[in-house]
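Participant: Now for the letters of each chain:
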Amino acid sequence: MYTVGIDIGSVTTKGVLYDGSNFRSIYKPTGFDPTTIGESIIDDICTEFNISKGQISKVLGTGYGRIHLPFADKVVSEIICQGKGCNYLFSDVKGILDVGGQDSKAMLINSNGKVLDFVLNDKCAAGTGRFLEMSVKALGLTLKDIDEIAFNKEPIEIGSMCSVFCETEVLNLMMQGKDKGAIVAGLLKSIATRISTMINKVNPASEKIIFTGGVAKSKVLRNYLRQISGYDVTTPNSPIITAALGASIIGYEQLLKEAN
Amino acid sequence: MRPKAMEYFDNLIPENMVKIKEQKEQGKNVVGYYCVFTPVELIEASGAIPVGLCATKQDPIAAAEKDLPRNLCPLIKSSYGFAVTDKCPFFHFADVIMAETTCDGKKKMYEYMKDIKPMMVLDIPNSSTYELKREHWVHELKRAKAFLEEKFDTQITEESLQKAIKAHNTERTKLMELVSLNKHNPAPLKGQDLLKVIWARQFQLDRETYLEKIQEIIDEVREFIKNDKSKDDRPRILVTGSPTGVGQEKTLNIIENQGGQVILQEACSGVKGLVKNVPESDDSLTSIAEKYMELPCSCLSPNDGRFDLIGSLVEEYQIDGVVDITLQACHTYNIESKMLKDFLQENYEIPLMQIETDYTDADTEQIKLRVDSFLEILK
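Read top to bottom, the protein sequences are chains A and B. With the UniProt record's numbering, the residue at position 251 of the first sequence is 251, and numbering never jumps. With the UniProt record's numbering, the residue at position 298 of the second sequence is 298, and numbering never jumps.
Please note: incorrect hints may appear among the correct ones.
What the hints assert, rightly or not - If you want a taste of the chain B side facing chain A, the calculated C-beta under 7 Å gives, among others:
id, residue
1, E356
2, E365
3, L369
4, D372
5, S373
6, E376
7, I377
Unchecked claim - Restricting the straight-line Cα-Cα distance to at most 30 Å, the calculated cross-link-like pairs of lysine-lysine (DSSO-like) are:
id, chain 1, residue 1, chain 2, residue 2
8, B, K250, A, K74
9, B, K368, A, K201
10, A, K257, B, K379
11, A, K201, B, K338
12, B, K133, B, K107
13, B, K379, A, K74
14, B, K19, B, K87
15, A, K114, B, K341
16, B, K338, A, K208
17, B, K379, A, K208
18, A, K201, B, K379
19, A, K114, B, K231
20, A, K28, A, K219
21, A, K114, B, K183
22, A, K74, B, K368
23, B, K229, A, K74
24, B, K190, A, K74
25, B, K166, B, K142
26, B, K341, A, K201
27, B, K341, A, K208
28, B, K338, A, K114
29, B, K87, B, K114
30, A, K28, B, K368
31, B, K231, A, K74
32, A, K217, B, K368
Since the hints were derived computationally from the structure, they do not count as laboratory data. Glycine included, each C-beta is placed from N, C-alpha and C at the ideal position.
Please model the complete structure; the sequences and the hints are all you need to start from.
Facilitator: Spelled out as structure tokens, the structure:
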């Protein structure tokens, strides 16, 4: 008996297959054709893990693209899924920070993974994955390069609150002949500052927080986050699949409920 | 169930956009206003018709941005945009505009607007603990009275003031009677319909019919409640914050479509101005001052009245969660949000979610995500 959780994000689509005790995951770019992404991720899961569609008892959808999952048995918001997924991986954790493609969020959960409070960035993109991507693009870099170039550099103060202005600020700094690595370090520090404020708003009264989302892969960012927030920051092995994992677990719990 | 009498309110604003012209042609004076602080009793006692002005649509904002900064509250930009483009019939037919210094953005915007229409800007003291606030209010009301008397070449008498006070007290009492029907669970009236009826108060030109139609809704709903055995576990939501006008129901829409019940609004567009009447006395100006100076708007500091009001509403209306709508760049409501969140958590264990937004639809998906998660938390 399997359940599948699918999280269609603005950048990446994630699929998790769960059998009640173990999970396996895949992901691929959402791309420009989100209408077919839902179907195709199910097919990919079946091929990758060698199961048939008939073995999947429930599909739960989440993420901004969840309307592209007409076959899903239910859709649940990614905030709720994120809480569930992180709680499954780290049962003692109360605070979660998730930096996604188009938004960043902080959550407070209880010991069952139920979300008690949350904050999201407002509609501006500052502090999101997109913000970082746009800013480093102005430097001729990609997200893959950031850790290497920013490692051990003295960060330059970045003041812009808006991603569009930030791009201008980055270009200005380049014109002044500043070191690229120092600029990237500054960008990462500015994101860490911003998301630290968010996690402090929901105020998890524990030492450890879980940091998820694509940018959580950056060690330099995690270090700044540790320094600035004062929390012990832990990142799962696959920080982008936690919401999809949560969705698959919520699906499984419902399956059990229905069986009783 | 949607009361049949709601149809009257569906068409009231568009119809009255035409009717205001007839009133004007019959020689009536018209005073346009924006804010719940406006002493409408005073306007009415001068023989003029007080009408609310358009301020809740995105369309004229681009025109407003020619003069105003982009990073400003959409309500202010929309108000000004309607004025410069002359697309609001109520503004068009207004002889004068009565405004007030509630926030810095509006205050400065009025300095531009005064070139379009004659303005009377009431100076509202921003300190709720100011010892002379009553005297200050009475003084401002006297100034407004003299302004209207001079503009319309008339005398505002104590008798006409008392008549206007009675009429508006009746309106407010009737509207609160309507709102209180939503104490029932499930709430018989949608938040958007309540908004429509309350909002229409500023645009209605025929008080008798307006009150009759509200009474029809009340009667219909009472009948419905009598036989209603339905159960409903949809979270009961109180909406507060910056005003949500007709034409800008984006967030209310989302809350109701995603499975919440909007029970009522504590906002200028909701019950903020309705819960208290003007005391009936033989010194009308002081009585009017008495009511308006106690309005719990975030432009006042400190604004304890809002916390008290919301506290009693969440209890009376069995509220599960509060949604605080902040219009972009509305600093006072934005800052007050955390205080309100802490207050509700500590005293009532009721969660609050803040939504910062403007009049565009660009953030619909983000708001949906917040609302979905919030409603899931409340279950």
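Participant: Hint by hint, say whether it matches the structure.
Facilitator: Do the hints match the structure? See the list:
| no. | hint | in the structure |
| --- | --- | --- |
| 1 | E356 | holds (5 Å) |
| 2 | E365 | holds (6 Å) |
| 3 | L369 | holds (6 Å) |
| 4 | D372 | holds (4 Å) |
| 5 | S373 | holds (4 Å) |
| 6 | E376 | holds (5 Å) |
| 7 | I377 | holds (6 Å) |
| 8 | B:K250 <-> A:K74 | holds (24 Å) |
| 9 | B:K368 <-> A:K201 | holds (21 Å) |
| 10 | A:K257 <-> B:K379 | holds (17 Å) |
| 11 | A:K201 <-> B:K338 | holds (9 Å) |
| 12 | B:K133 <-> B:K107 | holds (19 Å) |
| 13 | B:K379 <-> A:K74 | holds (16 Å) |
| 14 | B:K19 <-> B:K87 | holds (16 Å) |
| 15 | A:K114 <-> B:K341 | holds (19 Å) |
| 16 | B:K338 <-> A:K208 | holds (24 Å) |
| 17 | B:K379 <-> A:K208 | holds (27 Å) |
| 18 | A:K201 <-> B:K379 | holds (23 Å) |
| 19 | A:K114 <-> B:K231 | holds (25 Å) |
| 20 | A:K28 <-> A:K219 | holds (22 Å) |
| 21 | A:K114 <-> B:K183 | holds (29 Å) |
| 22 | A:K74 <-> B:K368 | holds (16 Å) |
| 23 | B:K229 <-> A:K74 | holds (29 Å) |
| 24 | B:K190 <-> A:K74 | holds (26 Å) |
| 25 | B:K166 <-> B:K142 | holds (20 Å) |
| 26 | B:K341 <-> A:K201 | holds (11 Å) |
| 27 | B:K341 <-> A:K208 | holds (25 Å) |
| 28 | B:K338 <-> A:K114 | holds (22 Å) |
| 29 | B:K87 <-> B:K114 | holds (17 Å) |
| 30 | A:K28 <-> B:K368 | holds (25 Å) |
| 31 | B:K231 <-> A:K74 | holds (23 Å) |
| 32 | A:K217 <-> B:K368 | holds (28 Å) |
This entry satisfies every hint, going by the numbered hints stated previously.
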